[in-house]
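Chemist: Residue-level listing of the chains:
Number of protein chains: 2
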Amino acid sequence: MSVVLDAIEEKKWGRRLPDERIRDVVEGYTAGDVPDYQMAALLMAIFIRGMDYEETLAMTRVMADSGKRYSFPECVDKHSTGGIGDKISLTSLPVVAACGAPVAKLSGRGLGHTGGTIDKLEAIPGFNVALTSEAFERQVSEVGFAIVEASDAAPADKGIYALRDATGTVDSLPLIGSSIVSKKVATGAGHLIYDVKCGSGAFMKTPEAARELADLLVRLSESLGIRSSAVITDMDQPLGSAIGNSLEIREALRFLKGEPVARDLDLLAREISVELLKLKEITDPERRVEEAISSGAGYEKFREFVRAQGGDDSALESLEVASEVTEVRAPASGYLKKVWAIELGRAALALGAGREKKDDAIDFAAGVEVDAKVGDRVEEGQAVARVYGSRNLQRALEFAGRAFEVVQEPVEPVPAILGRVQAG
Amino acid sequence: MSVVLDAIEEKKWGRRLPDERIRDVVEGYTAGDVPDYQMAALLMAIFIRGMDYEETLAMTRVMADSGKRYSFPECVDKHSTGGIGDKISLTSLPVVAACGAPVAKLSGRGLGHTGGTIDKLEAIPGFNVALTSEAFERQVSEVGFAIVEASDAAPADKGIYALRDATGTVDSLPLIGSSIVSKKVATGAGHLIYDVKCGSGAFMKTPEAARELADLLVRLSESLGIRSSAVITDMDQPLGSAIGNSLEIREALRFLKGEPVARDLDLLAREISVELLKLKEITDPERRVEEAISSGAGYEKFREFVRAQGGDDSALESLEVASEVTEVRAPASGYLKKVWAIELGRAALALGAGREKKDDAIDFAAGVEVDAKVGDRVEEGQAVARVYGSRNLQRALEFAGRAFEVVQEPVEPVPAILGRVQAG
Chain A
1 MSVVLDAIEE KKWGRRLPDE RIRDVVEGYT AGDVPDYQMA ALLMAIFIRG MDYEETLAMT
61 RVMADSGKRY SFPECVDKHS TGGIGDKISL TSLPVVAACG APVAKLSGRG LGHTGGTIDK
121 LEAIPGFNVA LTSEAFERQV SEVGFAIVEA SDAAPADKGI YALRDATGTV DSLPLIGSSI
181 VSKKVATGAG HLIYDVKCGS GAFMKTPEAA RELADLLVRL SESLGIRSSA VITDMDQPLG
241 SAIGNSLEIR EALRFLKGEP VARDLDLLAR EISVELLKLK EITDPERRVE EAISSGAGYE
301 KFREFVRAQG GDDSALESLE VASEVTEVRA PASGYLKKVW AIELGRAALA LGAGREKKDD
361 AIDFAAGVEV DAKVGDRVEE GQAVARVYGS RNLQRALEFA GRAFEVVQEP VEPVPAILGR
421 VQAG
Chain B
1 MSVVLDAIEE KKWGRRLPDE RIRDVVEGYT AGDVPDYQMA ALLMAIFIRG MDYEETLAMT
61 RVMADSGKRY SFPECVDKHS TGGIGDKISL TSLPVVAACG APVAKLSGRG LGHTGGTIDK
121 LEAIPGFNVA LTSEAFERQV SEVGFAIVEA SDAAPADKGI YALRDATGTV DSLPLIGSSI
181 VSKKVATGAG HLIYDVKCGS GAFMKTPEAA RELADLLVRL SESLGIRSSA VITDMDQPLG
241 SAIGNSLEIR EALRFLKGEP VARDLDLLAR EISVELLKLK EITDPERRVE EAISSGAGYE
301 KFREFVRAQG GDDSALESLE VASEVTEVRA PASGYLKKVW AIELGRAALA LGAGREKKDD
361 AIDFAAGVEV DAKVGDRVEE GQAVARVYGS RNLQRALEFA GRAFEVVQEP VEPVPAILGR
421 VQAG
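Just so you know, the sequences run in chain order A and B.
With the working numbering, letter number 184 in the first sequence gets 184, and the count goes up by one each step, no holes.
With the working numbering, letter number 256 in the second sequence gets 256, and the count goes up by one each step, no holes.
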C-alpha cells in the first residue's frame, strides 16, 4: 500500500498520523507522486477527524521545509489573517523599523476584496516586489525594512491550499494553522505577531474561533523557534477608513505623519508596533513608538524603504485615486449599530479594487472611504462613505448602502482589540 | 458554487444530501464535469459521515440509470459479495433454470484470488462471454439461461468504484450497498438472492457487518422493484473443495451430476436454488431442486447453456488442470480448528489462478483442492489439500500450509449458512 493510502486508512478512522507519514505524504504530493484525488481524500479525513497538536506541528514543519528557507533571526514580522481596510503592515512596520527592529517580510497577493500588501505596494510607481534573495537580505541589513513577494516559500502549502480551496477543506483549524505558520517559518523572522481578525469581514466569525486560531499560531511558532504573540481584533467593521490600494497607502501615510486617522487604526497600529518591540525586548516601547510617529521617523523610514525597492517616493503624496467619487448616505437618523465590513469589501471588489480570480487585474485607484464607526450618531442623508470608481457602480453602491445599520437607541462603540495571546 | 462543492459542504458537516444533488453530482462525475479530486473529497465525507437510507437509495438509482438498463422481470439472478471457492453461480443457476426459472446474469471479472464467474466460464474452450444484448435476450428466452460480461451496466458505479479503490473509501456500507444494487438494477432481473459472505476470506469479517449489508441490499432492491432475499454464509473456510477456475468448474459439474461434493457446497447450492424458486413463487421448490439434480436436468441445462454461448460441451469432462500436483499435509494430529480461506486464496493467487492487476493473465489450470473442513479429525502428515501448478510453488505451499490450524480438543463443524434475510 502506498504511503498516502496508509495515511488515509489511519485518518479516516480518526487515528493520529506519525510525523514521518505526514512528511512522506506532503513531500510526495509536492513532488507530484501523490495524485490530487488521494490528497483530497486525506484532506477531507483530516477536516472531519482533525489533527492533534503534534500532527499539526509535523505538517507545519514539513511544509516550511518544502522550499527556500530564509533566516532573519534578528528581524520582526507580522501576519494578519486578512481583513478589509487592513493596512497595519504599512503603518506598524515602518514605525518598528524606525525604532531599530529590522523588518523582513514575505507577503502575498491572494484573492480578496482588495489586493494584499504586495498589491498595495505596487500602487506606488516603480515599486519592485520581486527582489532577488541577495537584494532582499542586503536591504534588510542596510535599510532595516524590506517586503518582497513570497514566491518560493513553502511551495507545499501553496499546492495544498489550492486543493483545499477546490475541495471544501479550507475551514479546518489545524490546516489553517499549519498553512499560515509554515510560510512564516520559511520567511525566517525571529519575532512575530499575529493579528487574528474576527467578525463579518474575517475568516473567523466568532471570538472563540479567533482565539483558538491565535493560540495555535503562537504555540506552533514558539515550537518552531519564533518568539511570538497574537492580538485578536475586530473585523465586523472595516479597520480605519480606507478600503482599496492607493486609498489605503494614503491613509497609512497620514498615520505615519502623525495626522489624525480613525481611532481603531491608530490604536491597533500602535499596539502592534509596541508588541513587536516587546518581542524584541526593546525597552520603553510605548515611548519609542510615540516618538517614531511624532518625529516623522516612521514616515522617513517608509520613504527610504520605498526608494530602496525602486519606488518613486516623491509620488507618494499624489497617488492617483479614481476621479469619480460618489457619496453613500445614512439611510436614517440614529446610531450606527453595524458597519458591515463584508458589504464594504464587496463594494470595493465590485469597483475593481481586488481580484476574484487569480489573474484579474486590480484597479489601484478604486475603493471606498468610510467616515463612520459603530456607535456614531448619524443623520438621515448624511454622507457616511465615499465610493471611488465607476466600474459596477450601481452594484457597489447597493453593497455599500447595505453596510450601514442605524437604530434609535444609543450603541456602544466596539473595541478594536478583542483579546491578546502571549506565548506559554 | 458548483453542485459538488455544495454537496461537499453539506456532507462534511454531516447533513443529508437531497436526491437531486446526488443525481447532479453522480451524473456530473460520470460525464467528466466533476474532477476526481472533488469526488474523492465527497466520497471521504460520505465515508465518515455516512448516508441515510434515502440518500443511499437515490445514489443507487442514479448509478443504475447511468448506462444501459436491461429488463428481465421474469428472470432470476444471484449475487455473491465474493469468496474463495464460490461456485454457486455455476451450480445453483443451471438447477433453477432447469426448474423453469429463467436466468439472466451479467457478471464481472474483477480482481481476486481466483477469477470471477466470467473468467471461470472462459476456462471452457470456445465459451463466449461477450454476447450482443440481442443475442443475450434471445438466449434467455430460448435456453432460459445466459451469463454475459457486464460491460455497459452502471458505468457511474464503475468510475466511482475505481476512485473509491484508490482513495480508501471502499469499506463504507452505503457505498457498498449502492454499488452492488445499482448493477443488479441495471441487469434487470426481477428476482434476486444475495449471498453475503462473512469471515476471513470475505469482505465482511463479522456476522453483524454481513447482516447489516444483507439488510441494506434486500431493502434497496425491494425499493427498486426487485423481489429479493439474502443468505449470510460462512467464508472463514473456503466453500466446497476447489479453488481455481477449471478446478471449480469440475467440482460444479460433480454437483450437477449428483456426485458427492463437500457438504457445505451441497447445502448452500441447494439452499440458494430453493430460495430463488421461492422468490419466483414456484411451488414445492425443495422437491423440484432435488429432481433437477438427481435426474441430471441441471447438468443438461448447463451443457445446453455452454453450447448456446459457443462453448465446447464435450470438453467439459476433460478440462485441463495443472499436471504438477503437490500435496499439503496436516501439521499435527488432532482436530481442524480453522481452515483459513484467506491463506488458501493467497496460495491460489500465487499459483496464477487469479489476477492482482487488471490486465494480469489467469492460469485456468492452476489452483488448490481442499479435502478437509473445520471439525475434521486429521493425522500428522495426512494430505489435507493439493496444490495444482508450479508458479511460485514455494510461496503457494507456505500460504496453504498456514491455512490448517490443528488443536487437540474436538471442534464443532461450522455451519455453512449463518443467517437469512427476507424482504420487509
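Calculated directly from the structure, the hints in this document are not laboratory data.
Hints are supplied without guarantee of correctness; some may be wrong.
As the list claims (entries may be wrong) - Each pair of labels, with its calculated beta carbon distance range: (1) A:E20 <-> B:R420: 46 to 52 Å; (2) A:K337 <-> B:E9: 25 to 31 Å; (3) A:A423 <-> B:A162: 46 to 52 Å; (4) A:E9 <-> B:S71: 38 to 44 Å; (5) B:E54 <-> A:V407: 40 to 46 Å; (6) A:G14 <-> B:E356: 43 to 49 Å; (7) A:P73 <-> B:G32: 30 to 36 Å; (8) B:S2 <-> A:E142: 47 to 53 Å; (9) B:E9 <-> A:E300: 48 to 54 Å; (10) A:E142 <-> B:A162: 54 to 60 Å; (11) A:E212 <-> B:E412: 54 to 60 Å; (12) B:P207 <-> A:E212: 28 to 34 Å; (13) A:G14 <-> B:E300: 38 to 44 Å.
All figures in this text were calculated on a predicted structure; none of them were measured in a lab.
The C-beta atom is built at its ideal place from N, Cα and C for all residues, glycine as well.
Chemist: Could you run down the list of hints and mark each one as holding or not?
Modeler: Do the hints match the structure? See the list:
1. A:E20 <-> B:R420: 46 to 52 Å: holds (48 Å)
2. A:K337 <-> B:E9: 25 to 31 Å: holds (30 Å)
3. A:A423 <-> B:A162: 46 to 52 Å: Between A:A423 and B:A162, where Cβ atoms are some 49 Å apart, the hint holds.
4. A:E9 <-> B:S71: 38 to 44 Å: holds (40 Å)
5. B:E54 <-> A:V407: 40 to 46 Å: The hint (40 to 46 Å, Cβ to Cβ) holds, given that B:E54 and A:V407 are roughly 44 Å apart.
6. A:G14 <-> B:E356: 43 to 49 Å: Because 30 Å falls outside the window, the suggested range is violated.
7. A:P73 <-> B:G32: 30 to 36 Å: violated (51 Å)
8. B:S2 <-> A:E142: 47 to 53 Å: Distance hint for B:S2, A:E142 holds at roughly 49 Å.
9. B:E9 <-> A:E300: 48 to 54 Å: Roughly 49 Å apart at Cβ, these two residues keep to the hinted range, so it holds.
10. A:E142 <-> B:A162: 54 to 60 Å: holds (58 Å)
11. A:E212 <-> B:E412: 54 to 60 Å: holds (56 Å)
12. B:P207 <-> A:E212: 28 to 34 Å: violated (43 Å)
13. A:G14 <-> B:E300: 38 to 44 Å: violated (56 Å)
Checked against the numbered hints given earlier, the structure breaks hints 6, 7, 12, 13 and satisfies all the rest.
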